[in-house]
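Given two chains presented individually in distinct reference frames, assemble the corresponding complex, making use of the accompanying hints.
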Amino acid sequence: MEESIDKSQALAAQFAAVEAILAKNNHDPSRMIPILQEIQDVQKYLSKDVINYVASALKVPASRVYGVATFYAHFSLSPKGRHILRICDGTACHVKKSHATLEMLSKKLGLTDDKRTTDDLMFTVELVSCLGTCGLAPVVVIDDEVHGQSTPATVEAIIDDIIAKENAAKAEQGK
Amino acid sequence: MADSRKLTVNGREIEFTDERNLLEVIRQAGIDLPTFCYHSELSIYGACRLCLVEVTQNGRTMVMAACSTAPAPGMVIQTETKELREMRKISVELLLANHNTECPTCVRSSSRALQNIARRLGVAEVRYKKLQPEEMEPLDLSSPSLQRDPNKCIKCGDCVRVCSEIQGVGAIYFTNRGSNAKITTAFDAPIAGTECVNCGQCAAVCPTGALTAKQDSPRVWEALYDKSKTVVVQVAPAVRVALGEHFGAQPGENVAGKLVTALKLMGFKYVYDTSFTADMTIFEEATEFLGRVSNGGTLPLFTSCCPAWVRYMELYYPDMLANLSSCRSPQAMFGAVAKKVLPEQLGVKREDLVVVSIMPCTAKKYEAQLDKFKVDGQPEVDIVITTDEVGRMINSLGIHLSELAPSAFDMPMGFATGAGVIFGASGGVMEAALRYAAEKLENKTLENVDFVAVRGMSARKEATVHLGGMDIKVAVVHGLAQAKELLEDIRAGRANYHFVEVMACPGGCISGAGQPIGATNAIRKKRQQGLYTADKAHQVQKSQDNYLVTRCYEEHLGGHPGSHEAHELLHTHYQNRGQIFEAKVPVMRGTADKRLPVTVTVCDDGDCAGAKLVDQIAAHIKAMNLADRVDLDAAVASRKPAGLCVSVGDHVVEGGEPAAAIEEIKKAIDSGVASL
Ligand code: SF4
Ligand code: FES
Chain A
1 MEESIDKSQA
11 LAAQFAAVEA
21 ILAKNNHDPS
31 RMIPILQEIQ
41 DVQKYLSKDV
51 INYVASALKV
61 PASRVYGVAT
71 FYAHFSLSPK
81 GRHILRICDG
91 TACHVKKSHA
101 TLEMLSKKLG
111 LTDDKRTTDD
121 LMFTVELVSC
131 LGTCGLAPVV
141 VIDDEVHGQS
151 TPATVEAIID
161 DIIAKENAAK
171 AEQGK
Chain B
1 MADSRKLTVN
11 GREIEFTDER
21 NLLEVIRQAG
31 IDLPTFCYHS
41 ELSIYGACRL
51 CLVEVTQNGR
61 TMVMAACSTA
71 PAPGMVIQTE
81 TKELREMRKI
91 SVELLLANHN
101 TECPTCVRSS
111 SRALQNIARR
121 LGVAEVRYKK
131 LQPEEMEPLD
141 LSSPSLQRDP
151 NKCIKCGDCV
161 RVCSEIQGVG
171 AIYFTNRGSN
181 AKITTAFDAP
191 IAGTECVNCG
201 QCAAVCPTGA
211 LTAKQDSPRV
221 WEALYDKSKT
231 VVVQVAPAVR
241 VALGEHFGAQ
251 PGENVAGKLV
261 TALKLMGFKY
271 VYDTSFTADM
281 TIFEEATEFL
291 GRVSNGGTLP
301 LFTSCCPAWV
311 RYMELYYPDM
321 LANLSSCRSP
331 QAMFGAVAKK
341 VLPEQLGVKR
351 EDLVVVSIMP
361 CTAKKYEAQL
371 DKFKVDGQPE
381 VDIVITTDEV
391 GRMINSLGIH
401 LSELAPSAFD
411 MPMGFATGAG
421 VIFGASGGVM
431 EAALRYAAEK
441 LENKTLENVD
451 FVAVRGMSAR
461 KEATVHLGGM
471 DIKVAVVHGL
481 AQAKELLEDI
491 RAGRANYHFV
501 EVMACPGGCI
511 SGAGQPIGAT
521 NAIRKKRQQG
531 LYTADKAHQV
541 QKSQDNYLVT
551 RCYEEHLGGH
561 PGSHEAHELL
571 HTHYQNRGQI
581 FEAKVPVMRG
591 TADKRLPVTV
601 TVCDDGDCAG
611 AKLVDQIAAH
621 IKAMNLADRV
631 DLDAAVASRK
641 PAGLCVSVGD
651 HVVEGGEPAA
661 AIEEIKKAID
671 SGVASL
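Going line by line, the protein sequences match chains A and B. Note that this note's numbering has the first sequence beginning at 1, numbered continuously upward. Note that this note's numbering has the second sequence beginning at 1, numbered continuously upward.
For the record, the hints were derived by calculation from the structure and aren't laboratory data. Computed from a predicted structure; not experimentally measured. Just to be clear, a hint being listed does not mean it is correct.
Incomplete in silico selection of chain B near chain A, CB under 7 Å [unchecked claim]:
#1 170
#2 172
#3 173
#4 174
#5 175
#6 176
#7 177
#8 185
#9 186
#10 187
#11 581
#12 638
Covered by chain B, per the in silico footprint, the following chain A stretches (three or more residues, Cβ under 8 Å) [unchecked claim]:
#13 39-50
#14 57-65
Using N, Cα and C, we set each Cβ at its ideal position, and we do this for glycine too.
So here's chain B without its partners, still in its complex pose (with noise of 0.2 Å):
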C-alpha cells in the first residue's frame, strides 16, 4: 500500500492512498458526485463537467475536473457551493438541449442517468435552444441486438470507449465535427453490416437511450396472446442474480423460483432452465476436449459459448477457427433438442412450439436469428429476451416479484447442476468442464469440486491442473480486448494453454447488456457470487451427475457424447467473416431483385489464386445464364498473405488449391441462386 496521505473534503479530513483522481477519493467520502463521462474500468475522458469540484491549493482556489485532477496533499475541496451547482446546472441543459427528450417512451426512462442527474441538480426548464431545428435522424435498427437512435446521443463517448478499450472491436467513434459531430459507424453504415460483435456494452454504459438493446418483448406477448401457440421458455443462468434487482433486491439475490411463478403467471406453459443444456454443453465440450488431447488435435481449444466472442474470432481471427470448439452454445442447444423434443412429449406441431429464451445477453437474439440455427426457415429458438426485458413485463402486469412464492422449473429440462449454474460467472465454463475432464482423467470420484484459480475478476486467470498425470494448462478471459491481448501472446509463441474460456463481457454473463444497467465491479462481484452460493445449493456440482442430461441422451441423442445425433444437434460450424474488412470492387453487377452475394479475396500478387478465379466464376456465371441474379465483387486484402477466400451467400470457400476451389464454389452458386 502506498503510504496514507490526506486531503480535506467539504471541512472533513480524509485519507487517500493510490486513488487515480479525486472523484475517486471524494466518493469513497460517501459523496456521490454525479459524473456521465467518467468509468472506472475506461480511460478518462473529461467531457461532461459534472464532476466539477472546488480546488484551493498554495493558496489558490480553481474549478477543476474532479476526474481527471490527482489528489495531492493538503488539497482543501468544496463539492458544493452556489457557483459549482450553477455551473452542473449549466451543463445539464447544455447537454439536455441536443438531446431528443421523449422520455416517457423511451426505454431507458427508468435508468437513465441524464434524467437522474437533472433532476437530483433541479433542472426545471432548459434554457438552450437546439442550434438549428434540425430534421430528426432516422433509428438504426439494422442489427437483430441493438438499436440506435443518434437525436438521443449527447456525444459523451462512453460507448466509443468501451467498444475499442473493453472490447477491442471499434465499431463506432466520433465523426465529423463542431455541432456536425456525430458518434457513428464507418460510412455511417447500418451497424449490422459492421465488425460489431452485438456484445452490446455500449448499451449498457449509455447514459441516454442513444443506445438500446433491441426489443423483442412484444412479440412475445403476442405468442402468449395466440392460442393455437404453446410458448415454452428457457431461463440462462446468469438472469436470476440479477433480476431482482429490478424489484429492489441485493445484486446477486437468486430470484429464480419467483421469476418462475412469475413466467407462469405470463402465460407461460412450461418454464426451463438454460443450465441444463450448459450441463450438457460441458458433456460435449470435455469430450471434445478430452479427444484432441488424446488425438494429438488443435490445442488450445477455446469455449463456444458466447455468440459475440465467436463472431469476433470468425471476423477478426479467422485462420484460428479449427481452434475454437464446435459446440453450439447452450441457448442454441436448448432450440434445438427442445424443438426435436417437447413437441412429441406435448403432443403439439412442431410450428405451434414458440421457444422464448430469457437470456442476459444481447448478442443472443444475433445468435438465434443465424441461418444456421434454422430448420425449414424456423429459428429454432423463437424470440430472445433480456433480463431487462423480462423485468419491465413483470412490472407491466402489475405484480412485485419480492412477493410472489416461489416455484420449481419444468423437468426434465429444468434440472440441472451447479456446474450449469455457474456458467454465467467469468470462469464457470472452465470450472465445469474442469469438474468433469477430472474425473475422466483421474477414473475416480472428484470430492473438492471448487477449482477457485479460475474464478474472480481478474484480468487473465491462469491455472494448471494436474489431472492423470497430465499438466493441463488453462486460462479464462473476459472482455474481447483481452481475449485478444491472449490470442496474440498464443502466435507469438508467449503463451501456451491446453483449453481457454472467452466470454466477452467483463465478468461474464452476469453483467451482459441485457442485465440491469449500472454495473459496476462490486455488484458484478456479489452477482458472480449469487452464482457460487447456488453452485452449493444445487444437489449436484457436477454436469456428469446430471442424470437426466444423461437420459436425454439414452433417448434422443445417440446415446452418449460426441454420438452422430448429438453432432447434428448440438454442434456448429464457423464462417469466415474477415472479406467486412476488406476493400470491395464491383466486377459484375446484377439487376435482379433478389442477388447473391459473390466475393472474391484477390491480391497485387502476379500468381494471385484469387484472381484466377474471380475470371472462372465470372465464365460459370454467364454460362448458367445467371449474370443478372448474381452480385460478384473482388475484395482486395490488406492484409498479406490473403490465401484463397472465396465467399457465396452465407458459405465461405477457403485455403487449398483452385482448382478443387472451383467446383465447390459452382454449386455454391447454383444451389445459392436457387435458393434465393
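Same shape as in the complex, but just chain A (with noise of 0.2 Å):
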C-alpha cells in the first residue's frame, strides 16, 4: 500500500502538466490532435486516464477522444520502452528478410504481435511500413539511427550493447 496524499498530489500534477498543454491550445476542440501530439511527445504514451481528462476538459465524449487515438498509427496507447527500435517492413527490406530480425528480437525480448513492449520497459518493437531508404535494405532504426544493411546478428550486437549500458548504469546507481 502506497502513502497516499503525496502520491495523489503527485499524479494531480501530473495533470497539470497536461492541463498546460491544453491551455496552450485554448481548449479548442478542433486542435485535438495536436493537443494529443503534445502529450505523447511528454509522455510517451495516451495513457486511458489521459484520454478520459482530455476528452472532459475539451467537453467531447471520450470514444471520440479514443477514436482518433486509434485512427492513427502515431498515437499509443500503451507505454513505449525506453528504446524504440523499427523494424521496416517495405516491399525492399522484406523480401531482403526484415522479418529474420523480427523473428530474433521477439524470440530474444519474448515479445509477439500483440505485445511489443518488454516488461522492464526497455524496448518496444515496431514493424513499420517503408521508411523511405530502400537503397539501404533492409534497415532498421534503433533509437532514431538509422542501420542499413541489417542483419539479425548486427541488430543483436547493438541490442546486447544497450543492455549491457543500462546494467552499468543500474549498477552505478546502486552505489
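Right, dumping it as C-alpha cells:
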C-alpha cells in the first residue's frame, strides 16, 4: 500500500502538465490532434486516464478521443520502452528478409504480435512500412538512428550493447 | 414557401421546393429508394451507396448519391437502370460480406432493413468473402437495456450519429481504421460502465441486429410457468398506440383492450395500467411544484419520469440535481405500490408476487434494476419487457391480436384518467400537471383541459400560463441534445422557466426504443394523436379526478400527496455520477474478491479538499483493517472547480466541509464493506 496524500498530489501534478498543454491550445476541441501529439511527446504514450481527462476538458465524449487516438498509427495507447526499434517491412526490406530480424528480437525479448514492449519497459519493437531508404535494405531504426543492411546478428549486437550500458548505469546508481 | 421548381424523375415531371436533397424529392414522388445511412432527422453521411441514381444535367450524366445531392431545376433523374441495379446489389453484397448472417436466430430478423433490401434487390448470393476468417468478437451483455453484437455491425454509423446528434451523449464512436474499424465505446469497454443513458435510440435506428434491446421475455415465460408465482403486469400508456403495428394496424390505433385479453390468455393474473400511477405522479409532482412555487424552492422544476433523462442529469449536471423532481417514474411508483398493496389484497406472499412491466422503453429496464428500487435485494418491478417483446410473445402463442375481443384493465390500478394516458407523448406530463395546478391555483373547475401549446413535435415547446394571478412559464423538450441546449440557456440566464418537461426520445415515449422499429416523424405524430384521442375517450380527463388514486392515498399512503408514507414509496433520491468522466488513479488496492470502490475527486489546487480527505480516508481504512476489501482511487477532475465529491460504492458525499464529510464517509465505508 502506498502513502496516499503525496501520491494523489503527484498524480494531480501529472495532470497539471496535461492541463498546461490544453490551456496552450485554448481547450479547443478542433485542436484535439495537436494536443494529443504534444501530450504523447511528453508522456510517451496516451494512457486511459489522460484520454478521459482530455475528453472531459475539451467537453467531447471519451469515445471520440479514443476514436481519434486509435485511428492514427502514430498514437500509442500503451507505454513504450525507453529504446524503440523500428523494423522496416516495406517491399525492399521484406524481400531482403527483415522478418529474420523480427523473429530474432521476438524470441530474445519475449515479444509477440500483440505484445510489442518488454515488461521492464526497456524495448519496444515496431514493424513499420517503407522508411524511404530502400537502397539500404533491410533497414532498422534504433532510437532514431538508421542502420542499413542489417542482419539479425548486427541488430543483436546493438541491443546487447544497450542492455550492457543500462545495466552498468543501474549498478552505478545502486552504489 | 420557396418558389416551385421542376425536375424529371423516371420521365415524370416533379415539382420541388425546399427539399434538402434529391432523395426527399424522389421519395415524395412515391418512389421508395432504398437507404441505410439516411435518417431525415440526422446529418447526412452518404456512406451506404444504396440511394445511387443517374443524374443528367447540362448534358452530362453521372451516378450520384441522392441523399447528398441537392435538387436543381432541369435535372433528369433515373432511379432504375441495369447499371444502378448492379451497383446497388454490389453495395448490399459488400455489406453482407462483413455481417454475421445468423438471421434466423436474430431478434431483428423480421424488421431488419439489411435483409429486406437484400431481398428487394434480388441478392441471391454474396460473391465476396470476408477479409480474413476473423474470430467472432464477444457480445457485450453488460447493459441491462441493450445488447451489442459487433459481428453484425456494418459500420453505417447511424447509432453514432443518433447518440451524439439527438442525445448529445456520444457513448459510441468509430475507432481504429481500415478493415479493423469498429464502432464501439471508449477503450472498447463494456457499455454499462460508460456514459450511455440506456435510451436505446441507437438500437432503434440500427439496420441490422448489432444493437438491440436486451431480451427479458424468457424470464417472463418462466415466471408464468411457475405455479407458485402470481404474475401481474402493468402496461405503459405509449404501448397501446404502437403495438398494433406488429399486427398490421395503423400507427396510433389504440389496442389496449385487445392487449389485456392477450395478456390474460398468456397467464397474467391481473393486468393493470401504468397510467394509474401516472395520475399518482401528477398528485405528487404537481404538489411538489406548487410547494416550490409558494415556498421559494428551487426552480425550474424538472420532470423525472424518464430514466434516461435522470441518468443524463446525474452524469452531466450533478450541480442541478436539486431541480429534478424527487418523484419516481410511474413505473417505479407502480412497483412500490403493487408490492405493498397487492400481497394482502390478493392473499399472496410478497416473494411470490411477480410484477412485470410492458414499456415502450429500454431505459426502464435499467431503472428497475437500480438498488434504490429494491427491497431486501428484491426489485419492486421484477421484469421489464418492451412493446416489441410482448408483440413477439403474442405471435409465439399463435394468436392474432386483431381478432381478439377487448377486455378492461383490472381494478383498482387499471383505472386511469386521460391525463395519465397522454404521459406517453412529449408534453403529456406537462399538460397533465397543468390541468392539476390550474384547479388548485384557480380554485375552480377547469373546463377546457387542452393545453395544446405543449403538444406536437417541435423541438422546444414553450408556454406561459396565467394561473391564480401568476404567470407560470413552462417548457417541453424531447431528445437529450435539446435538453442540453435548454439547460445551457438556463445556466447562462438566457431562459427562465418554472417547470420543464424532458423526455429522452423524440416525440416522447411513443417512439421509445422498445416500440416497433422504423418510427418516422409521421408515425410519431400518429401515435401521439392516438393518445390524445384516448384522452377524450376516457370518462375523466384530470388526474385529480381519479377517485381510485384518492382512495389509494386514504388507505395506504397517509391520506394525501406529500405525506410521509407517500415520500417513502413514491419519491426517490439521485446521485452525482459525474466521476465517470474523471481520470482515475489508484491509491490503494485491496486483494479480496469483493471490494468496495471509494473514489475521491482531487485537483492540483494547493488546498484541494479532496486531496486532504484521501489521506484521512486511507488512514481510516488502515485503522479499521479494511485495506484488503477497499479500492481507493483519486479522480482528477478536469472540470473546475471540482468541489468536494467522494463516492463510496453507490453513496455519494458532496459539497460542504471536509471535517463534516469525513464522518459520513467513514460510516459509509464501514457499512459498505459490511454489506459486500
Ligand atoms: S442507448 Fe442511447 S445513450 Fe446509450 S449508446 Fe445508444 S443512443 Fe447512446
Ligand atoms: S442513403 Fe445515400 S449513401 Fe446511404
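Hint by hint, here is what the structure shows:
no. : hint  : result
1   : 170   : 3 Å, holds
2   : 172   : 6 Å, holds
3   : 173   : 4 Å, holds
4   : 174   : 5 Å, holds
5   : 175   : 5 Å, holds
6   : 176   : 5 Å, holds
7   : 177   : 5 Å, holds
8   : 185   : 6 Å, holds
9   : 186   : 4 Å, holds
10  : 187   : 6 Å, holds
11  : 581   : 4 Å, holds
12  : 638   : 4 Å, holds
13  : 39-50 : holds (count 3)
14  : 57-65 : holds (count 7)
Going through the hint list in order, the structure satisfies each hint without exception.
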